[in-house]
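Starting from the given sequences, assemble the full structure and let the hints guide the process.
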Amino acid sequence: MASGSFAAPPETTAWTRLMVNRNWLGFWFMVPTMIFLLFFLAWPLILGMWMSMTDMRIGRGGSFIGLENYQYLLEDSDFLNATAFTLAYTAVASVFKFAIGLYLAILLNNHMPFKAFIRAIVLIPFIVPTVLSAVAFWWIFDTQFSIFTWLLQKWGFLDKGQYINWLGDPFLAQCSVIFANIWRGIPFIAITLLAGLQTVSPSLYEAATLDGASGWQRFRFVTYPLLTPIIAVVMTFSVLFTFTDFQLIWAMTRGGPVNATQLMATLSYQRGILGGRLGEGAAIATAMVPFLLAAIMVSWFGLQRRKWQQGESND
Amino acid sequence: MTKPTRRSALKGLAGVAGAGALVGSGMTDWAKAWAQASPFKPEAGATLNVMRWRRFVVAEDEAFNKIVAAFTAATGVRVTVTSESFDDMQPKASVAANTGTGPDIFWSLYSTPHLFPNRCVDVTDVADYLGKKYGGWVPVAEAYGKLGNKWIAIPAAINGGYINYRISQIKAAGFNEVPQTTAGFLELCKALKAKNTPAGFPLGRASGDGNSYAYWLLWGHNAAQVDENSKVIIRSPETEAALNYSKALYDTFIQGTAAWNDASNNRLFLSGELGLTANGISIYAAANASNDPKQKEIAADMDHAYWPIGPAGKPTEIQLCFPMMAMTYTKFPNACKAFMAYMLEAEQFNPWLEAAAGYLTHTLNAFDNNPVWTKDPKNKVFRDASKRSLVAGHRGKLDEKAATAMADFIVVDMFASFCTGRETAAGAMQLAERQLQRIYR
Chain A
27 MASGSFAAPP ETTAWTRLMV NRNWLGFWFM VPTMIFLLFF LAWPLILGMW
77 MSMTDMRIGR GGSFIGLENY QYLLEDSDFL NATAFTLAYT AVASVFKFAI
127 GLYLAILLNN HMPFKAFIRA IVLIPFIVPT VLSAVAFWWI FDTQFSIFTW
177 LLQKWGFLDK GQYINWLGDP FLAQCSVIFA NIWRGIPFIA ITLLAGLQTV
227 SPSLYEAATL DGASGWQRFR FVTYPLLTPI IAVVMTFSVL FTFTDFQLIW
277 AMTRGGPVNA TQLMATLSYQ RGILGGRLGE GAAIATAMVP FLLAAIMVSW
327 FGLQRRKWQQ GESND
Chain B
106 MTKPTRRSAL KGLAGVAGAG ALVGSGMTDW AKAWAQASPF KPEAGATLNV
156 MRWRRFVVAE DEAFNKIVAA FTAATGVRVT VTSESFDDMQ PKASVAANTG
206 TGPDIFWSLY STPHLFPNRC VDVTDVADYL GKKYGGWVPV AEAYGKLGNK
256 WIAIPAAING GYINYRISQI KAAGFNEVPQ TTAGFLELCK ALKAKNTPAG
306 FPLGRASGDG NSYAYWLLWG HNAAQVDENS KVIIRSPETE AALNYSKALY
356 DTFIQGTAAW NDASNNRLFL SGELGLTANG ISIYAAANAS NDPKQKEIAA
406 DMDHAYWPIG PAGKPTEIQL CFPMMAMTYT KFPNACKAFM AYMLEAEQFN
456 PWLEAAAGYL THTLNAFDNN PVWTKDPKNK VFRDASKRSL VAGHRGKLDE
506 KAATAMADFI VVDMFASFCT GRETAAGAMQ LAERQLQRIY R
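Residue numbers (the numbering used here), protein chains in the order written: chain A, 27 to 341; chain B, 106 to 546.
All clues stand as given, with none of them false.
Sample of chain B residues facing chain A (criterion: CB under 7 Å; computed from the structure):
| no. | residue |
| --- | --- |
| 1 | N203 |
| 2 | D513 |
| 3 | A521 |
| 4 | T525 |
Computed cross-link-like contacts, DSBU-like style, restricted to lysine-lysine with a CA-CA straight-line distance of at most 30 Å:
| no. | chain 1 | residue 1 | chain 2 | residue 2 |
| --- | --- | --- | --- | --- |
| 5 | B | K300 | A | K186 |
| 6 | B | K502 | B | K238 |
| 7 | B | K276 | A | K186 |
| 8 | B | K399 | A | K180 |
Everything labelled a hint here was simulated from the structure, so no lab data went into it.
Fair warning: this is a prediction, and the values are worked out from it, not measured in the lab.
Positions of the beta carbon are idealized from the N, C-alpha and C atoms, including for glycine.
Rendered as structure tokens:
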């Protein structure tokens, strides 16, 4: 073997090792995303939390007042009502959206003529910009010009000149905005669950049928377990979107009548931007965070902790 | 400053084109002479972004755009005008004030400048110049425009809101005119309901009409949200009397008023469903301008009246002020001042006031004789809007606290919560008191 001289390998510094180390490589790839999240999510969140502990007003910096904004809000009936209605709005709308969405998804999963066309039609409420659909609902629920009232008058259920005070009565206004939210939210759930249904192997249904399973049993023991992961994801998003809803309420009622349809998001805007009390508005917005975290926790830990997801049987 | 976009460039070009069309016209010649002699000289290369409330009267908007075009032709300052609905003006101005970026001039509503007075350019020189030249400002204009001795906005005009009624319907109800006492007014509303031609006033999120109605009720009964020392006095027997009166009126109203915004009563009146409401002259102007015979019929059958006087024994109206403010972040404060001064010069202001057909009332005394107030007797009550109006805050100061209380609909909500049965009189007053105490602390 010929002998030769070899150049000494360059000295590996800690920095070089960090740059080439396989374990660190993943970290480097994550850095751009981390910076993005830090600036556009974490920083605004921290800033909002800081503002909520100040008496900041529009156009003027505030001084630190600790938890005074929160103390005031805990005794503020408008805030308490808005919190209660936000929870009711989210719960009622989410349950209806899930039930109707799942039903629609199962229907659309069957073979039927014009299947693609019907699926496209179902998506329409989701495609229409929220503000446009909200304005349409504003007209639909107008006290004097409501198409529902007009139909009820035409069919003889209401006398001519007799109206239903849809958006002027606090309870009816609450029902109306929930109805509009359900209408708008169903397609998202239906289409996403439909996508989940399409992944269920037909052989499982064949096996269940051969075993003598009824339609309900096929749904309960085949469809539902396999859909659970996608239900967890879709319901998490649905609950988050509903809880933080703003456009629909603002375009339809602006939180009225008498703050009856005020959600936490709209009340935060009312106090922070319209009322100029940025600190108080930020406190209301920050107060939404624990509810949102709870919703995420319930979905992820409650619905997703199934053994089969770790590759074991789901006993 | 907002970045120039293709759209704004096109608008700017349209403005320049409009200005070009005016070249040679009397307006432009006068404008050029004005620019030479004016004490307010725009900065070299200045451009302005102006955000204004969205027009209700088409002719007024057209006249305003002519003023803008003539100003551009005379001074070379390119002006881009955008408009927003009443409800969106204040939030946009507030966000701009807070972030330090946005239009150079906001032409907003009520006491908006008092929400962020330290973000408004000192325009005392413009106000003094106009006041001296045009017979002085009406007191309400001084109240809205000034903070202490400093002018923070130019209150260009007032939008008068008065009782709009159908002549035939009040006659059918047994009245020849709208009674000028609150007791008589209640009787009229009861009679209108009995004839199935009900009245209606907004108790919802209507920045203009809702606040006008609520403060008329409150002040008309000698009640107020704060006293001269800014002490909250909303919980009082006078407020309770106002609440009880409002409930009696509410029981005669058309359904749905708790959900009304500023456009709701216009819509219902023009549809023929509503017999009486309070509004600017825009309902009459729209009906008059329409080609629809039904609308023409409504215009012929309607008239206007002052707000009735309550136990306070004097007019207690709050009218909608349109203050124009230049923001401190603007690069062209002198151009802003020149624009404001130019707009209120008689040569521009008189045709603009006439085009507004009574929708706008002047705030400088010299414009009392504008022909708009005499050519149609139905316009007449609106002439006095700026002289009869009280200001937000009333007994207390007109400051950011008064502006916040109004922006937060505290008084409107107090009446609405009692009228809709959500609160007792004591509960409604207590709620309002708590919110006001926080604002006025």
